[in-house]
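Student: Now for the letters of each chain:
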Amino acid sequence: MSTDRTTRQKVEAGLPRRRRKEFTFKMLGMLATAAGILFLGVFFASLIGEGASAFKQTYLQLDIELSEDVLAPGGELDLAYADFDGLVRAALRRELPDVSGRQERRELYRIVSIGASYQVRDLVAGNPDLLGTTQTLWVPASSNVDMLIKGNIDANVEEALRPLSDKQIAWVEALREAGRLETRFNTALFTNGDSREPELAGIRGAVMGSLYMLLVTMMLSFPIGVAAAIYLEEFAPRNRWSDLIEVNINNLAAVPSIVFGLLGLAVFINWAALPRSAPLVGGLVLTLLTLPVIIIASRAAIKAVPPSIREAALGLGASQTQVVFHHVLPLAMPGMLTGAIIGMSRALGESAPLLMIGMVAFIVDVPGSLTDPATALPVQIYLWADSPERAFAERTSAAIIVLLGFLLVMNLTAVILRKRMERKW
Amino acid sequence: MQSTTLILLLGLMAVTAFYLGRGRSLSLVGGHGHGLALHSLPGYYGYYVAIWVALPALGLLLLWVLIEPRIVVALVVNGLPEAYQSLSAGELNLLVNNIQNLAAGDVVSVDVDEVLQNAASQFTGYSEKSRQILALLAVGLAGLAGSFAWRRIHPDLRARNRVERVIRWFLIAASSIAIFTTVGIVFSVLFEAIRFFQEVPVTDFLFGLNWSPQTAIRADQVGSSGSFGAVPLFAGTMLITAIAMIVAVPVGLMTAIYLAEYSSARVRGIAKPLLEILAGIPTVVYGFFAALTVAPWVRRAGEAAGFEVASESALAAGLVMGIMIIPLVSSLSDDAINAVPSAMRDGALGLGSTRSETMTKVILPAALPGIVGGILLAVSRAIGETMIVVMAAGLAANLTANPFEAVTTVTVQIVTLLVGDQEFDSAKTLAAFALGLMLFVVTLFLNIIGLSVVRKYREQYD
Numbered sequence: 001m002s003t004d005r006t007t008r009q010k011v012e013a014g015l016p017r018r019r020r021k022e023f024t025f026k027m028l029g030m031l032a033t034a035a036g037i038l039f040l041g042v043f044f045a046s047l048i049g050e051g052a053s054a055f056k057q058t059y060l061q062l063d064i065e066l067s068e069d070v071l072a073p074g075g076e077l078d079l080a081y082a083d084f085d086g087l088v089r090a091a092l093r094r095e096l097p098d099v100s101g102r103q104e105r106r107e108l109y110r111i112v113s114i115g116a117s118y119q120v121r122d123l124v125a126g127n128p129d130l131l132g133t134t135q136t137l138w139v140p141a142s143s144n145v146d147m148l149i150k151g152n153i154d155a156n157v158e159e160a161l162r163p164l165s166d167k168q169i170a171w172v173e174a175l176r177e178a179g180r181l182e183t184r185f186n187t188a189l190f191t192n193g194d195s196r197e198p199e200l201a202g203i204r205g206a207v208m209g210s211l212y213m214l215l216v217t218m219m220l221s222f223p224i225g226v227a228a229a230i231y232l233e234e235f236a237p238r239n240r241w242s243d244l245i246e247v248n249i250n251n252l253a254a255v256p257s258i259v260f261g262l263l264g265l266a267v268f269i270n271w272a273a274l275p276r277s278a279p280l281v282g283g284l285v286l287t288l289l290t291l292p293v294i295i296i297a298s299r300a301a302i303k304a305v306p307p308s309i310r311e312a313a314l315g316l317g318a319s320q321t322q323v324v325f326h327h328v329l330p331l332a333m334p335g336m337l338t339g340a341i342i343g344m345s346r347a348l349g350e351s352a353p354l355l356m357i358g359m360v361a362f363i364v365d366v367p368g369s370l371t372d373p374a375t376a377l378p379v380q381i382y383l384w385a386d387s388p389e390r391a392f393a394e395r396t397s398a399a400i401i402v403l404l405g406f407l408l409v410m411n412l413t414a415v416i417l418r419k420r421m422e423r424k425w
Numbered sequence: 001m002q003s004t005t006l007i008l009l010l011g012l013m014a015v016t017a018f019y020l021g022r023g024r025s026l027s028l029v030g031g032h033g034h035g036l037a038l039h040s041l042p043g044y045y046g047y048y049v050a051i052w053v054a055l056p057a058l059g060l061l062l063l064w065v066l067i068e069p070r071i072v073v074a075l076v077v078n079g080l081p082e083a084y085q086s087l088s089a090g091e092l093n094l095l096v097n098n099i100q101n102l103a104a105g106d107v108v109s110v111d112v113d114e115v116l117q118n119a120a121s122q123f124t125g126y127s128e129k130s131r132q133i134l135a136l137l138a139v140g141l142a143g144l145a146g147s148f149a150w151r152r153i154h155p156d157l158r159a160r161n162r163v164e165r166v167i168r169w170f171l172i173a174a175s176s177i178a179i180f181t182t183v184g185i186v187f188s189v190l191f192e193a194i195r196f197f198q199e200v201p202v203t204d205f206l207f208g209l210n211w212s213p214q215t216a217i218r219a220d221q222v223g224s225s226g227s228f229g230a231v232p233l234f235a236g237t238m239l240i241t242a243i244a245m246i247v248a249v250p251v252g253l254m255t256a257i258y259l260a261e262y263s264s265a266r267v268r269g270i271a272k273p274l275l276e277i278l279a280g281i282p283t284v285v286y287g288f289f290a291a292l293t294v295a296p297w298v299r300r301a302g303e304a305a306g307f308e309v310a311s312e313s314a315l316a317a318g319l320v321m322g323i324m325i326i327p328l329v330s331s332l333s334d335d336a337i338n339a340v341p342s343a344m345r346d347g348a349l350g351l352g353s354t355r356s357e358t359m360t361k362v363i364l365p366a367a368l369p370g371i372v373g374g375i376l377l378a379v380s381r382a383i384g385e386t387m388i389v390v391m392a393a394g395l396a397a398n399l400t401a402n403p404f405e406a407v408t409t410v411t412v413q414i415v416t417l418l419v420g421d422q423e424f425d426s427a428k429t430l431a432a433f434a435l436g437l438m439l440f441v442v443t444l445f446l447n448i449i450g451l452s453v454v455r456k457y458r459e460q461y462d
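Here the protein sequences come in this chain order: R and V.
Each residue of the first sequence is one higher than the one before, counting from 1 in the working numbering.
Each residue of the second sequence is one higher than the one before, counting from 1 in the working numbering.
I should point out that these hints are in silico values taken from the structure, not numbers from a laboratory.
All values reported here derive from a predicted model rather than from experimental measurement.
A virtual CB, placed ideally from N, CA and C, is assigned to each residue, including glycine.
Honestly, I wouldn't trust all of these hints.
Stated by the list, open to error - Dumping the calculated DMTMM-like pairs for lysine to aspartate or glutamate here, alpha-carbon to alpha-carbon at most 25 angstroms:
#1 LYS456/V - GLU233/R
#2 LYS419/R - ASP335/V
#3 LYS26/R - GLU276/V
#4 LYS424/R - GLU311/R
#5 LYS26/R - ASP334/V
#6 LYS456/V - GLU311/R
#7 LYS419/R - GLU276/V
As the list claims (entries may be wrong) - Restraint-style ranges between C-beta atoms, simulated for each label pair:
#8 TRP297/V - ARG276/R: 34 to 40 angstroms
#9 ALA155/R - TRP297/V: 22 to 28 angstroms
#10 HIS34/V - GLY317/R: 15 to 21 angstroms
Stated by the list, open to error - Here are some chain R residues pointing at chain V (derived, C-beta under 7 angstroms):
#11 ALA32
#12 ILE230
#13 LEU232
#14 VAL267
#15 GLY349
#16 TYR382
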């Protein structure tokens, strides 16, 4: 008799269905949360799997005869014209004496990096007395050999389809068996600037560029941001102008970063004629970009200072400025610093606006001042990610690991600062 | 004198001025014991003099830095022979660049002749002289203003009020930078965009279906004249944004619901910071991941299912962008859900509804405005996102709704147009500013609506 069911019976009849729904809903929620965390796991796993090998690099050991006949034919050593490349090649030929013929030799020379001759040049330049001696050096192998050793080039595929020939692979094997080939920590990655040769490319230039930029950003955006926050929280009368400022700051925090790049291009480079690709301009653009973040965080920190502090100081006869600078500001400082660090970490990861102001150029030199052409760490990642060589993919991941390392340190500092200085009123 | 040394010198002068000013104020009333006879604390007299020393000199320095290069260049150009004076603006610019490079000892793009050499040495001479004049003027001004302030010190001088007024003006100036930035953005994109629309009609830009910005660089070059119909770009942006939203909105919303209503405090304590890490990863890293890991994967999966997938498909870029936006959607939804008064939740639960029924029938409808506002902000973020699409989406402007094809977006085109080697005033580079204007206007619109909805909603339950 379905029509005569009591309310209780109706509810009970519906319960299994409702419980099933409840279960599905809960599972969906769990799934969504897990999906985000899963992605994070996949992301870090693939990044570390890809990038870890870039911290190692294959080196060849060569006995290089620094013969005076080659380097100083007229008795005079001229570093710019001396044939260091020839010395490296001669050393390779001595190492593998059974290589003959122009074609084969040319193939042989390709297993060593062009960086080898620079290394020999620097050695001789640093110590000209070595002329005439034989030096045993570890020089970088070419990126293809490096990839072979790391297993990124499969020796079993057809010869035409891989960048190393059968002969080259055999020579590498021979060198390895003779103990002349080794993988070691890749110092070049941290001490060199950018290069077209993957085995010589490093992130030092990009890191220095980022550092200079952050220096400019920090020096400008922290004082200005704190000053703006103080004004808006403590002094600003409630009028149109301060409302306008308020709306503007909130909007600027959400304006796409590339638009700030357009602003930088039009104002700093075209109008103010500041140099292109300079960390100074990058720092200025990033200042404008991070200001809203810092202002919003600083205002929150000022708001958290209880009014009783202000009232007590005012009651003892302090002026409003004295109240702010002697009492409110020191108490709000930890929160402001936390905001500043978070703003800086956002600035460090930003790349789109830097593309607009010409910081994407291929720059080999490590910048030495605020106006030297430079690139930044995220832009370097972008540039390497675009390079076709297999070896650059690995270096890109390594550069990303370094960038994430910096960000991690900054954010941890912010968290620790907040934890240790936080005060409950 | 280098400008850094000059600034250091001015700083030193200001510090000295502080002590001199403070000392004078005290000596006027007869030493430390009589400070009460002064209107302000002695330190304020010090600050008063220091401000007089530093501010005018720094103002002069700033003015000089802005004006000096133009004057020096004009002087050098005036000194050039007649033949050079009649060059076009572009060529003259190049020449000046070369002169500057030569003077700095850098590589020069043309053969160095006597004229150039002379101009370069003239340039160095003028620059040197200008630096000397600046140093002299700045130090002189600082000294003059400082002694003026020093003479004005008097026990009745309201030094504190004056110093505080300067501080107040500094604070106002700092907070006004936000407005100047907005004005700067509007003007910098608007002026260039207007120049673009003088060459290409607005209607062609807004409604044209064909985007191929390749214009001939030289007059004698074979090349298309360029066509600037931006509809394919808008469509591509929409497509990628839509894919991103399809990923981010359900996942972000469900995550927020789960963490707010179901999970234990421990799970929340672990999951929330982990998801916040997603928000902190730089976009260039997402771009790399999209291009090298997700795109090939999408392609393999699509081909296994029998679709033809472009290697730079909209799907890969959209998926990764969606993942990037998850934390934003989830934290804004979390705010909205938490703002619903607990009386509503308790009431629904007390009447016997399950948690999911409470959520879908009571809390979500109440929180809807806040969530929608948050989604608008997320859409604005997706539209303006640059690095992911630059690295993972294509350059070809296809007008398609097929997520497996390559599309291009507004931001991608801005980057490709400006990271080229065209003259700055060619239609091609100006088009980037027109696109930038569109981007700014659309995102501004979304932000204003999103922010005001979120705020109004918050106030409603406060």
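Student: Which hint numbers doesn't this structure obey?
Tutor: 6
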